[in-house]
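Chains as they are written, first to last, in the numbering used here: chain A, 1 to 309; chain B, 1001 to 1309; chain C, 2001 to 2309; chain D, 3001 to 3309; chain E, 4001 to 4309.
Treat the hints with care, since some could be wrong.
For the chain A half of the interface with chain B, some residues (derived, Cβ under 10 Å), not all of them [as the list claims (entries may be wrong)]:
| # | residue |
| --- | --- |
| 1 | Ile44 |
| 2 | Val181 |
| 3 | Glu198 |
| 4 | Gln283 |
| 5 | Leu285 |
Note that these hints are calculated values from the structure, not bench results.
In this text, a Cβ means the ideal position worked out from N, Cα and C, and glycines have one as well.
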Amino acid sequence: MLLKENIPISYIAGKIKKEILFVTIYAVAIAVLYNSFHFTRISIPIAVPTILGTVISLLLAFKSNQAYDRWWEARTIWGAIVNDSRTLTRQLLTFVDTHMGSAEERAFCERMAKRQIAWCYSLSRHLRKQDPLHGLEKYISGKELDYVSRYSNVPMALLELHGEDLRNAFKLGWINEYQQVEMDKTLTRFSNEMGGCERIKNTIFPATYSVYIHFSLIMFIMLLPFGLIEFFGIVEVPLVIAISCSFFLIQKMAIHLQDPFENKPTDTPTSTISQTIERDIKQMLKETYHHENKQASGSLEGAKVFYIL
Amino acid sequence: MLLKENIPISYIAGKIKKEILFVTIYAVAIAVLYNSFHFTRISIPIAVPTILGTVISLLLAFKSNQAYDRWWEARTIWGAIVNDSRTLTRQLLTFVDTHMGSAEERAFCERMAKRQIAWCYSLSRHLRKQDPLHGLEKYISGKELDYVSRYSNVPMALLELHGEDLRNAFKLGWINEYQQVEMDKTLTRFSNEMGGCERIKNTIFPATYSVYIHFSLIMFIMLLPFGLIEFFGIVEVPLVIAISCSFFLIQKMAIHLQDPFENKPTDTPTSTISQTIERDIKQMLKETYHHENKQASGSLEGAKVFYIL
Amino acid sequence: MLLKENIPISYIAGKIKKEILFVTIYAVAIAVLYNSFHFTRISIPIAVPTILGTVISLLLAFKSNQAYDRWWEARTIWGAIVNDSRTLTRQLLTFVDTHMGSAEERAFCERMAKRQIAWCYSLSRHLRKQDPLHGLEKYISGKELDYVSRYSNVPMALLELHGEDLRNAFKLGWINEYQQVEMDKTLTRFSNEMGGCERIKNTIFPATYSVYIHFSLIMFIMLLPFGLIEFFGIVEVPLVIAISCSFFLIQKMAIHLQDPFENKPTDTPTSTISQTIERDIKQMLKETYHHENKQASGSLEGAKVFYIL
Amino acid sequence: MLLKENIPISYIAGKIKKEILFVTIYAVAIAVLYNSFHFTRISIPIAVPTILGTVISLLLAFKSNQAYDRWWEARTIWGAIVNDSRTLTRQLLTFVDTHMGSAEERAFCERMAKRQIAWCYSLSRHLRKQDPLHGLEKYISGKELDYVSRYSNVPMALLELHGEDLRNAFKLGWINEYQQVEMDKTLTRFSNEMGGCERIKNTIFPATYSVYIHFSLIMFIMLLPFGLIEFFGIVEVPLVIAISCSFFLIQKMAIHLQDPFENKPTDTPTSTISQTIERDIKQMLKETYHHENKQASGSLEGAKVFYIL
Amino acid sequence: MLLKENIPISYIAGKIKKEILFVTIYAVAIAVLYNSFHFTRISIPIAVPTILGTVISLLLAFKSNQAYDRWWEARTIWGAIVNDSRTLTRQLLTFVDTHMGSAEERAFCERMAKRQIAWCYSLSRHLRKQDPLHGLEKYISGKELDYVSRYSNVPMALLELHGEDLRNAFKLGWINEYQQVEMDKTLTRFSNEMGGCERIKNTIFPATYSVYIHFSLIMFIMLLPFGLIEFFGIVEVPLVIAISCSFFLIQKMAIHLQDPFENKPTDTPTSTISQTIERDIKQMLKETYHHENKQASGSLEGAKVFYIL
């Protein structure tokens, strides 16, 4: 969905411009102090910042790992949502006799499948703290829209409607008892996927680690010029900037990765995934899929440009 | 649930104030000894504490990883409890004919759903070694409260009542045989989740690792001033304090993370999660949810402030 | 499937020849500058590139790990496709009464089994962005080929046909209701496997990590000659080339591993696996398996030679 | 179950007293050689043992990780045994009509539940290579005891009796066909848990790693005094002892952790867990639980003191 | 199954004798060059090989981890085969009425159980590329042996026969429809386990990593004497040998571990495990188990001696 593009240096630099500014001023100040006032005693052995560098590397590796795992788990859950949405639709079409069945049976299948599309969109918006009802009117009836709007958790209400439709289908003999239980398991999986997303969304990474890493990083950067000045003189300035940029970039990216549902460009692309689900379900329903591509491709364009940090 | 806030330096410092005090006295003593009595021979190459620093870093990374895994597993289990509580309620509402069914059927569904809320609260208190019966009278009848109070494991007794209610519902024909087995699987998942929490609660992290890390850390900090004194003189004091604070903080946080059910602010927020479950279940039952927000938001406020270390 | 062979040095060198060229020119230039113009002040302590080397090592280890995990997950999914294809065939042959059943029942089993072969081939081509319909005419009827060609996701359409055939078999009494549900679970697993492959295919590794690693690597290689020149003189040149080759090779391999469906020789060998599935299914159907071995062994030969980076 | 206590230094020292003795003699010998005979040429740069130290740290981290994973897997399996024992009992009590059923039905439930207690105790002893029949007479009849004593794998025989009782219950109409299959799944889980424990018990950690780590460690300790003697003189002795103790302790603990069923104090507390299971099952059966607390609490006391290394 | 024994140094040395020889010659040559011709300029700072040492350590840790994971996964799969073989036998004995059933029913159970033993042995030999039909005549009839010999994948053919027997049993009313589906799930697990073993067997570890690690290792060892010669003189020779042995041993063991089905002594002990399965199944069938212990214990003896690298 997201393409590998060359990332403009300016974009990356923009993410940490405040940090670069401070580091530059600091490094220049040290160099000036050293050269102009001959404070040569301030030079320290490079081994001192090295100890800190090793510790920070290990901690950043730890944090990157956990952040990546959260991000990948979020992505895996949305992959499972794609799979289960297709499975639900296939079960509807093959458990219910859609070929020779009554018009009501066909309507039931279509209603369920479209509500599933609605569920994906509303879950996506629910996780980003946006209005989860936005745009649902295309997929569910006004009565249902009214019903779900009374819940604080809209996707959960949609699953409840799924369950009620299944009960009716069972009562009317459109599906048998095994099929009801089997499709209820699919609903349970949706419930678990929704809960998994909420868990990732609502659990913050232990704050002390973040604070401590930041604090050690600042100490490390403050010591670095003293360790380099003896050998490099004024050349110390670009070196300090380059090294500290690297560390700041990694730290920043870990912070971004660990919250994959924050409506930022680095998010799990839940809207794009929801559109794929809509396309697949509509093709299975033999409907032509004319999505308003303007908005969609617009956000995709944006993704191409911004999906970096 | 828990918000990212700026953490006051004073709070962090408070967690390790004893350690800071000792380290300060020690570092100052070494500096005084070095400067006043010219014990210059005590200076050692910085490489010696560096070896220890590397080893400790690796061990702390190992311990942080395991502690984080325990904490994240505890969080995942409680996430699964949310999912399965919703699933149980959905199954009740869609397997039993709550629309056209008898009043008894509706009462059965409500009784089960409320008992599920009670189960969450009592599990939360059971794990924290608090009275697991506290507050249950709002959700279950006096007779049931009486029954479960005879058990040493209250949540297990509640699950047993769940099972008995399911048997009766099956006997009375409210659910069919597949649905009974399917809902029994949901009870089995609750049983596994309860057991998973107890396992994390009751298994201590291998004590020798903790002891050894602490012991190496002290040795490292005791050697550090000797390695720094030659280059820094009295400046060695803040450096030693800063470096040792970092290590102590990481160690402390790993200790906190590895026990997520100890009724400390860093715990898995089981009470908050239980309240979410109560809200969701009550909305599915079409009940208005008027939780005593005072107490709830109070503890949430506390969480905002204390959820750091 | 893929054999361990000696890898010609020339092949490996070919992968990074551009990088080698630049590094050589750069290292020679530094050496000439140092020796001819006696710019001895440019020598720096080896500890400076060492810090960067440690950080890069940790980051490359992190990236190699994640890349390897993606590659192994892709391989595991295709392993599961093999297992489930065999399972589906076994279920067909043992649930349906193929021995004493009607010719229609036998035809149904054969049609399903062959469509399963088609599914594997088309999924393989779908993931590589090749024409997913290529060669399917050997396994499915013209009518079905026509039907699936209307879908943007051909493998999904094939699964839908699977589901419809199962419904008919159930209606006609060839399989009972439990067996229908059980085989539907097998279809669900295929759906999950397809979705898993698409997830790996469509999710790019966070781009900033890659950019940052590349950027640090270049900085490290630019500093390296200055650190080595004092001790080695002109011998610095081969050392710098050797060390930088190592880092470039690891980086390159991680990039290759992380995208296992890109139609490159390092891909998951999906075509070879599909042929194994075809052979196994045909043997179970008691058909003789005469695959056009020329093409197959040709691509295998190619694999022997190219499966290195 | 196991409490965090202060660990007496003497206990820890006892675990590695032989190693400490050798290291002390060796370090003192080097110091005497250096000081008395002025063999100053034997001093080597500290960087040499540092290389080895890094390698050993990485290998010990690797080994600690794998050992911890085995230990935690063993603990998780026993946690699952607790869960499934409770689940089995709940299924017995709610699938069979114990309230209004015949005395035979109640006897069947009680027999199964008590046999489950027996299974836990005998599995615990089986894994520790103790007599698995010891104490079973309290939970199963003499006839059954006789039967299982003919098997080399007693817990497996108990599961077989479980299965036979379920068949009879199904034949007599006490449980229906779905319930039989569902409870058979619970037996399958017990079978998997037993097999998992046996796998951990019977698979040794690759021996070469252990040998190699030991060998590198000895080399490292032998080089260490030479690296430290120049700067520390006689102070080298306590330093070498302290550093080598650390490494020996970690190594020792990893060895202990990786074999969690060896009847040592660091084992997975299988007896204590079995007692918990007994208590829970008996409460569910409404029996009073009067375990011989003397023996139990005795072993628990022991655990408090010895559960360290 | 495999015992921890003292490993003779000579055995370990034998595994890397070629490497030791080359390293010795090389190290001696450098020492002679240095001492006799006074090429003192060739000494380099120890920091240069240290950089490489760190990188190689990280890469070896990465490789050891992946290799160990493959080995442990292979072991876990065979553990699952043990569990599921017992489960299949228990299901046969308790689903079919073996006590009061006809002789045919008992014969069916015995035939299935013995075929399961045959499946384990033939899978073990199939994975090692040995004749998978060897010795099967003891467990299956001549007719079945004839049938399976027509397949390229013998274990798969045996599973097919399992499936056919289950169909017949269902047709004849020996098992009901739920039991057939439940036992089919057990067959599916066998299918997955077989596929898992084949996946591990047929997927090679990315070759470039191996080549690169080997290449870096050689470079590291070639630089090492130059770094040590200044301080150690001729003592450099044993040091270089010792350090390089360590690295070669770890590399070698990772290579061995990553291919656990190559008919080498370090393999997963599939024959021994198959014998355990045979013993357990025969005891459940009430057969006396007289395995030809000579051959078995012979191979076990061998294992005791060779299971090291």
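How the hints compare with the structure:
1. With its C-beta approaching chain B no nearer than about 5 Å, Ile44 (chain A) sits inside the 10 Å limit, and its interface hint holds.
2. Taken as an interface hint, Val181 (chain A) checks out: its beta carbon lies about 5 Å from the nearest beta carbon of chain B, inside 10 Å.
3. The closest approach between the C-beta of Glu198 (chain A) and any C-beta of chain B is roughly 7 Å, which is under the 10 Å cut-off, so the hint is satisfied.
4. Interface restraint check for Gln283 (chain A): the shortest CB-CB distance to chain B comes to about 29 Å, outside 10 Å, so the restraint is violated.
5. For Leu285 (chain A), the interface hint is violated, since its Cβ never comes within 10 Å of a Cβ in chain B; the closest pair sits about 23 Å apart.
Hints 4, 5 from the earlier list are contradicted by this structure; the remaining hints agree with it.
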